[in-house]
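There are 2 protein chains.
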Amino acid sequence: MTTSADTAAARRGRPGYDRRQVLDVAVTLFNEQGYDATSVADLAERLGLSKSALYHHFASKEELLAIALETALSRLEAVLDGALALDASAADRLEHVIRGAVAVLTAELPSVTLLLRLRGNSAVEVAALERRRLFDQRVTGLVRSAQSEGRLRADIDAGVATRLIFGMVNSVVEWYRPDGRVDPALLAEDVLTVALSGLLPRDDHG
Amino acid sequence: MTTSADTAAARRGRPGYDRRQVLDVAVTLFNEQGYDATSVADLAERLGLSKSALYHHFASKEELLAIALETALSRLEAVLDGALALDASAADRLEHVIRGAVAVLTAELPSVTLLLRLRGNSAVEVAALERRRLFDQRVTGLVRSAQSEGRLRADIDAGVATRLIFGMVNSVVEWYRPDGRVDPALLAEDVLTVALSGLLPRDDHG
Numbered sequence: 001m002t003t004s005a006d007t008a009a010a011r012r013g014r015p016g017y018d019r020r021q022v023l024d025v026a027v028t029l030f031n032e033q034g035y036d037a038t039s040v041a042d043l044a045e046r047l048g049l050s051k052s053a054l055y056h057h058f059a060s061k062e063e064l065l066a067i068a069l070e071t072a073l074s075r076l077e078a079v080l081d082g083a084l085a086l087d088a089s090a091a092d093r094l095e096h097v098i099r100g101a102v103a104v105l106t107a108e109l110p111s112v113t114l115l116l117r118l119r120g121n122s123a124v125e126v127a128a129l130e131r132r133r134l135f136d137q138r139v140t141g142l143v144r145s146a147q148s149e150g151r152l153r154a155d156i157d158a159g160v161a162t163r164l165i166f167g168m169v170n171s172v173v174e175w176y177r178p179d180g181r182v183d184p185a186l187l188a189e190d191v192l193t194v195a196l197s198g199l200l201p202r203d204d205h206g
Numbered sequence: 001m002t003t004s005a006d007t008a009a010a011r012r013g014r015p016g017y018d019r020r021q022v023l024d025v026a027v028t029l030f031n032e033q034g035y036d037a038t039s040v041a042d043l044a045e046r047l048g049l050s051k052s053a054l055y056h057h058f059a060s061k062e063e064l065l066a067i068a069l070e071t072a073l074s075r076l077e078a079v080l081d082g083a084l085a086l087d088a089s090a091a092d093r094l095e096h097v098i099r100g101a102v103a104v105l106t107a108e109l110p111s112v113t114l115l116l117r118l119r120g121n122s123a124v125e126v127a128a129l130e131r132r133r134l135f136d137q138r139v140t141g142l143v144r145s146a147q148s149e150g151r152l153r154a155d156i157d158a159g160v161a162t163r164l165i166f167g168m169v170n171s172v173v174e175w176y177r178p179d180g181r182v183d184p185a186l187l188a189e190d191v192l193t194v195a196l197s198g199l200l201p202r203d204d205h206g
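Top to bottom, those sequences are chains A and B. Under UniProt numbering, think of the first position of the first sequence as 1, with each following residue one higher. Under UniProt numbering, think of the first position of the second sequence as 1, with each following residue one higher.
One chain only, chain A, in its complex shape (with noise of 0.2 Å):
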């Protein structure tokens, strides 16, 4: 619950953070520091509380991880659900999936950089990359699908093809910026374009 006093504490940069904003900040930090570095002290400091007072938001720093963890996967996940649930083709779907995950990752770069970062030292880190794997091994299956459609070339191994497209997607979280001259619905628009044509001139094709 915010009162209008802790929403005003908040705005000059004092105590009075909600779970929200509290989150965010311990995303950036262990984004900054890794998570395996960042004590549940750093975190206290950098928001410029008590850790008692930081523990009276969450239990543990464990938590923090699993919550952003979750908006991460649960996105990604939604995504790639509303494309298999399109009455479409398998390439239309995978075409769906690449745009829905670059404005995934584009809307919650923060908690998706913690998620790509993941060194798997713990059950919950565990966890999220299994969901991790399973997310890629359906995506792979879409590929698969997409060359059986002949709608992909089939001379490239679809978990190859598939690591590769993500390889760009992913590729996001390094180096686009919020503030940055890069529109991200023009991003998602140049990863297909790569993923699919490639950037040989048109003519230079077939």
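Everything labelled a hint here was simulated from the structure, so no lab data went into it. Any given hint could turn out to be false.
Mimicking DSBU-like on lysine-lysine, the simulated pairs with C-alpha atoms at most 35 Å apart in a straight line are [stated by the list, open to error]: (1) A/LYS61 to B/LYS51; (2) B/LYS51 to B/LYS61; (3) A/LYS51 to B/LYS61; (4) A/LYS51 to A/LYS61; (5) A/LYS51 to B/LYS51; (6) B/LYS61 to A/LYS61.
Start from chain A and add chain B according to the hints.
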């Protein structure tokens, strides 16, 4: 200097490492746990050495990091220098860079993985990130020249195109395994195929 007694001890998994072996174990541990989260004590424990025995080989954790990053960066820079020394078009030079970068990543997987996961929390890391930035800038110059030559499509920003190409190339550290079923030379060709021609069948182009 490695004596036959040292070698026998190393074979038994006991102390008696040379500098190269200590470095390899350190880089593996940095990649598993994160550089910031790895202490000299962790490294000594993994090696089964005392901290003072470890300091016999290296002055500091940072020296290990610096040597690993130098390996990765100097090999990548050598690929780019080699491409620029070719009597060839910008497009052909770029192809040489992409093929060579994939070869460096698969051959020097641990040190390049470390380079790509840097956060910039120390002077050594900041210097390495600056060399990476210069490398990217020089490759972007090549992409821009290839666009001017008419050899690459010009409707995608050269900086974005470079980042997407290296998104594919760099993703290799996330999923390529030296003992796996993917051949590194074929992988380089697959990256080139997607980057230049895309995943559509040939007759869907132009």
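Checked hints:
For the given pair, A/LYS61 sits about 30 Å from B/LYS51 by alpha-carbon distance, which is consistent with the 35 Å threshold. Distance check on the hinted pair: B/LYS51 and B/LYS61 sit about 11 Å apart at the alpha-carbon level, within 35 Å; holds. Proximity of A/LYS51 to B/LYS61 is assessed by CA-CA distance (about 30 Å); at most 35 Å being required, the pair is judged to hold. The straight-line distance between the Cα atoms of A/LYS51 and A/LYS61 is roughly 11 Å, inside the 35 Å bound, and the hint therefore holds.
The hinted pair formed by A/LYS51 and B/LYS51 meets the criterion: a straight-line CA distance of about 33 Å does not exceed 35 Å. Simply put, B/LYS61 and A/LYS61 have alpha-carbon atoms about 27 Å apart, close enough for the 35 Å limit, and the pair holds.
Of the hints listed earlier, there is not a single one the structure fails to meet.
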